[in-house]
Amino acid sequence: MKKHDLSVIGSFNMDMRSAYLDTELMLVIRSKDINKQLEESMVEYERVSRQVLEDGTYRDPYHVEPIELTKKRQRKIFLVQHLLGWARYLF
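Heads up: the sequence shown is residues 1 to 91, going by the UniProt record's numbering.
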């Protein structure tokens, strides 16, 4: 039987540093009323969110155009990721 009275509110960054060094807090609430309110809010957030479709395109209710990176910017990102990627857990 599924329970609909438990809500978990908080944040957690899905990276190794956060998992081991900087885990954040969660609040657990047992209340059917609060759970229902949160579920209704999430449905609205999802309705107006930009969604990635199966073919890799986006459903974008606000018609936001992504900015194309210049070749120079792409090279900088590549260098930082490959030369300094090992240090990402230190900061």
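A few of these clues could be false.
Stated by the list, open to error - Restraint-style ranges between C-beta atoms, simulated for each label pair:
hint, residue 1, residue 2, range
1, Ile-9, Arg-59, 34 to 42 Å
2, Tyr-20, Thr-70, 12 to 20 Å
3, Asp-60, Asn-35, 46 to 54 Å
4, Arg-30, Lys-72, 26 to 34 Å
5, Lys-71, Glu-44, 26 to 34 Å
6, Val-48, Leu-79, 33 to 41 Å
7, His-82, Arg-30, 31 to 39 Å
8, Met-26, Lys-71, 29 to 37 Å
9, Asp-33, Tyr-58, 13 to 21 Å
10, Trp-86, Lys-32, 44 to 52 Å
11, Gln-74, Leu-27, 23 to 31 Å
12, Arg-73, Met-14, 38 to 46 Å
13, Lys-32, Ser-11, 38 to 46 Å
14, Gln-74, Leu-53, 19 to 27 Å
Simulated from the structure, these hints should not be mistaken for lab results.
C-beta atoms are modelled at their ideal positions from N, C-alpha and C, and glycine is treated no differently.
To see whether the hints hold, each was checked on the structure:
| no. | hint | verdict |
| --- | --- | --- |
| 1 | Ile-9 <-> Arg-59: 34 to 42 Å | violated (27 Å) |
| 2 | Tyr-20 <-> Thr-70: 12 to 20 Å | violated (36 Å) |
| 3 | Asp-60 <-> Asn-35: 46 to 54 Å | violated (30 Å) |
| 4 | Arg-30 <-> Lys-72: 26 to 34 Å | violated (53 Å) |
| 5 | Lys-71 <-> Glu-44: 26 to 34 Å | violated (40 Å) |
| 6 | Val-48 <-> Leu-79: 33 to 41 Å | holds (37 Å) |
| 7 | His-82 <-> Arg-30: 31 to 39 Å | violated (47 Å) |
| 8 | Met-26 <-> Lys-71: 29 to 37 Å | violated (42 Å) |
| 9 | Asp-33 <-> Tyr-58: 13 to 21 Å | violated (35 Å) |
| 10 | Trp-86 <-> Lys-32: 44 to 52 Å | holds (48 Å) |
| 11 | Gln-74 <-> Leu-27: 23 to 31 Å | violated (41 Å) |
| 12 | Arg-73 <-> Met-14: 38 to 46 Å | violated (25 Å) |
| 13 | Lys-32 <-> Ser-11: 38 to 46 Å | violated (24 Å) |
| 14 | Gln-74 <-> Leu-53: 19 to 27 Å | holds (25 Å) |
Comparing the model with each numbered hint stated earlier shows that hints 1, 2, 3, 4, 5, 7, 8, 9, 11, 12, 13 do not hold.
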